[in-house]
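Novice: Residue-level listing of the chains:
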Amino acid sequence: MTAEFRWTRKDLLSLYDLSAEEITYILDTAEEFKKVSERNVKKVPALRGKTVVNFFVEPSTRTRVSFELAEQRLSADIVNMTASTSSLTKGESLLDTVRNIEALQVDLLVMRHRATGAQNFIAQNVSCGVINAGDGAHSHPTQALLDMFTIREKKGRIKGLKVAIIGDILHSRVARSNMWGLLKLGADVVFAGPATLVPREFEEAGVKVCHRLEEALEGADVVNLLRIQHERQSAGFFPSINEYSRFFGINQENIKRLKPDTLIMHPGPINRDVELDSSVADGPNSVILEQVTNGLAVRMAVLFLVAGCGGKR
Amino acid sequence: MTAEFRWTRKDLLSLYDLSAEEITYILDTAEEFKKVSERNVKKVPALRGKTVVNFFVEPSTRTRVSFELAEQRLSADIVNMTASTSSLTKGESLLDTVRNIEALQVDLLVMRHRATGAQNFIAQNVSCGVINAGDGAHSHPTQALLDMFTIREKKGRIKGLKVAIIGDILHSRVARSNMWGLLKLGADVVFAGPATLVPREFEEAGVKVCHRLEEALEGADVVNLLRIQHERQSAGFFPSINEYSRFFGINQENIKRLKPDTLIMHPGPINRDVELDSSVADGPNSVILEQVTNGLAVRMAVLFLVAGCGGKR
Amino acid sequence: MTAEFRWTRKDLLSLYDLSAEEITYILDTAEEFKKVSERNVKKVPALRGKTVVNFFVEPSTRTRVSFELAEQRLSADIVNMTASTSSLTKGESLLDTVRNIEALQVDLLVMRHRATGAQNFIAQNVSCGVINAGDGAHSHPTQALLDMFTIREKKGRIKGLKVAIIGDILHSRVARSNMWGLLKLGADVVFAGPATLVPREFEEAGVKVCHRLEEALEGADVVNLLRIQHERQSAGFFPSINEYSRFFGINQENIKRLKPDTLIMHPGPINRDVELDSSVADGPNSVILEQVTNGLAVRMAVLFLVAGCGGKR
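Chains as they are written, first to last, in the numbering used here: chain A, 1 to 313; chain B, 1 to 313; chain C, 1 to 313.
Covered by chain C, according to a simulated footprint, are these stretches of chain A (three or more residues, beta-carbon under 8 Å): (1) 40 to 46; (2) 67 to 74; (3) 263 to 273.
Simulated pairs of lysine-lysine, DSBU-like, Cα-Cα distance not exceeding 30 Å: (4) A/K184 <-> A/K208; (5) C/K10 <-> A/K34; (6) A/K34 <-> A/K162; (7) A/K43 <-> C/K34; (8) B/K34 <-> A/K43; (9) C/K90 <-> A/K34; (10) A/K159 <-> A/K256.
If you're looking for bench data, these hints aren't it; they were derived computationally from the structure.
Please read these numbers as outputs of a predicted model, since none were measured by experiment.
Beta carbons are placed, not taken as given, at the ideal position from N, Cα and C, and that holds for glycine.
Taking the hints into account, I'd like the entire structure generated from these sequences.
Specialist: If you want it as structure tokens, here you go:
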């Protein structure tokens with residue numbers, strides 16, 4: 001990256017939009033911010049006097065708390081809103097709700113929503129910065145960025161690595177966001193899982209699709225296990241959680257197929273003994289809790305960069 | 001106003017209690033605070049080390065968020081409480097709950113409650129400052145103050161203006177608070193709406209009551225549209241939302257009767273195409289979002305003045 | 001206490017664990033912090049840049065708000081979590097949830113939980129400090145510390161005083177915590193209430209158990225009344241609230257048996273005219289609201305001491 005690189009986006013909506021250079025710039029910035037949380041005083045005044053609204057129309061804890069802590073460590077003023085505590089319950093349109101938030105001279109809106117593209121629509125209609133904290137099955141850029149940060153930190157690079165993402169790809173914004181980011185940075189991405197959950201169509205985007213776990217694990221540098229939602233079972237996507245676990249769970253048996261330094265990742269919360277055995281979750285290859293730690297650094301970086309971009313406002 | 005004017009009230013309960021001089025003093029102070037939210041660092045240390053409890057026994061988002069941001073921009077310490085997260089659910093009396101809050105050496109209590117007069121009762125029994133964020137159909141002083149601030153900012157004055165307030169006057173604390181404030185500052189106030197919702201009794205307070213929209217719009221400098229609650233329909237106050245909208249909604253047709261610079265106001269959240277057409281809500285006469293922005297400045301002023309009044313405590 | 005005494009625990013789980021010297025040290029520290037809340041600027045930078053998570057798996061208002069204000073007055077960064085806003089609802093284990101919180105580089109975890117010993121289990125498995133804000137019927141150390149602080153402040157000492165604790169001892173973490181603390185500091189502790197709620201087994205710990213109110217009140221320096229939960233009535237622990245009140249409530253009649261300077265205490269929220277008559281609750285012997293005020297000072301002290309103990313981390 002050249003020294004004169006400058007972040008110019010007022011929003012972070014999807015890794016699909018970003019260049020490899022922009023993604024790398026976020027990861028580099030996050031490296032600096034990671035040091036802040038390791039200090040005795042875990043705080044910098046970077047966003048002092050700025051207002052951030054965390055608007056989680058779809059409920060969330062992990063992501064919301066991670067953003068909230070990132071904002072506090074940047075010294076921002078913070079307001080939390082949920083769907084139930086918003087005027088949406090009174091029949092107000094989403095755009096009117098957000099315009100009202102904006103009228104309070106808010107600088108950044110961190111937003112999660114069930115509908116694909118909700119944040120894109122909002123970002124086009126408000127002058128404050130919008131950070132996508134997950135929209136439907138579409139995009140969850142800060143999750144993918146923290147996954148990539150963790151890979152780069154552990155492996156020293158992303159280019160040329162084989163990253164296997166296992167599970168319910170169909171409904172996963174984490175999988176899509178990782179795909180866009182990892183491909184741009186030159187990784188080989190493999191999607192694996194039951195055929196009902198991993199359609200062949202993804203191959204058009206440049207990933208390899210396979211329906212047998214062994215194939216995905218073969219030579220993988222990183223194995224990222226997606227959370228299985230219990231409600232998919234009743235919807236008929238697979239016969240039972242038990243059967244899913246038998247064919248696609250990582251256990252002491254099939255972990256032997258992996259290289260000794262393969263990273264085991266999971267966006268959490270994990271279903272112990274479903275996507276992976278407890279011994280694997282807590283084993284030496286697991287970097288699951290480090291992902292959580294890195295999420296904070298990545299979110300501080302994103303908040304900082306987007307807030308600093310006064311250009312479009 | 002003379003230079004030696006000094007705010008002396010420990011509470012803000014109702015505009016009914018205030019003199020014209022006091023109301024003007026709040027508006028003047030809000031003008032200063034409006035500048036704070038336009039700065040790069042939207043924050044002053046005015047309430048640093050002071051504790052504010054936002055106690056919303058009746059749920060609210062817009063008003064609560066506006067107060068919370070105002071408090072943050074004054075650097076106060078803030079705790080939010082709702083009825084469901086208070087000991088009220090355990091059968092504790094309202095006064096005991098508030099006395100317990102006061103015992104935590106809280107400086108200001110911002111309170112919303114369904115019962116008319118709840119805040120007056122509380123204010124007489126605690127030494128901390130009490131700010132009424134809405135009690136029943138009675139009083140909502142900061143909403144009226146932000147309406148008056150917006151009128152004064154746009155029109156340069158309030159005295160002599162014709163302000164028409166349209167809709168469900170009967171159940172509206174916004175209408176009553178505007179009435180008290182506007183009359184004190186010399187405006188002509190007209191209440192209009194269906195006869196079931198706009199009883200003649202209001203004339204005793206000095207407003208003009210009319211039941212035809214045309215009469216209210218005639219020569220109006222400001223038209224303030226109140227939100228129609230859908231539940232009023234089933235209670236028989238009017239035949240249908242549709243009929244209400246036909247007789248009392250502002251649309252491209254009847255907006256022509258207005259002077260070109262008439263302000264269209266609404267306390268929000270708006271019901272698009274009920275109280276007003278979408279084109280009117282987003283049109284050049286609408287100052288609805290500016291009201292939201294001004295609400296923050298007005299609330300900063302009220303918090304600042306009430307907190308600074310150590311006299312009675 | 002010698003000048004060189006130093007706090008060395010990374011957690012505060014139960015007064016059962018503490019020495020008399022440690023308890024006294026907390027009370028002494030709280031005395032210093034009480035002055036902070038009496039200042040005009042009620043804030044010190046002691047925990048600036050430290051992160052505290054309030055994780056209330058069992059709902060609470062009074063204790064949560066008291067901790068939250070204590071944390072704000074120490075300038076900590078604060079995140080609130082409840083069971084419903086945690087991944088526990090997604091089937092994550094308690095330990096995994098807490099390990100995820102810890103991975104966000106959190107310094108202190110203030111936790112309430114229905115299960116006896118939950119906090120002990122967690123404290124052994126995380127490196128951050130854990131403060132017990134109540135676990136089941138077991139332990140609620142900060143409540144007992146604020147009771148003891150109030151007694152010491154009013155009476156000048158704890159040693160040799162007769163402290164009567166009246167009510168539902170069986171289900172009360174407040175009673176157990178007071179028992180441990182008061183006995184260590186040399187008080188005589190009497191438990192009184194219906195035989196169903198005050199089993200003789202407590203005598204093994206060194207308290208006196210009695211089932212007639214008169215005996216408990218006789219010569220008492222302090223009378224601490226526990227809240228009666230209405231659901232105990234349907235569970236058959238006593239015939240009716242009315243009957244409980246007649247036999248174990250403090251009223252204008254039996255208060256005459258007390259010494260004129262006996263303190264009337266209650267952890268709140270009080271049931272007026274059940275555990276005590278309104279006239280007693282608001283009378284000159286009552287220090288119930290002072291307990292609330294002192295709770296803040298005690299919690300500031302505990303947060304400060306535990307956060308400062310970097311030794312074990």
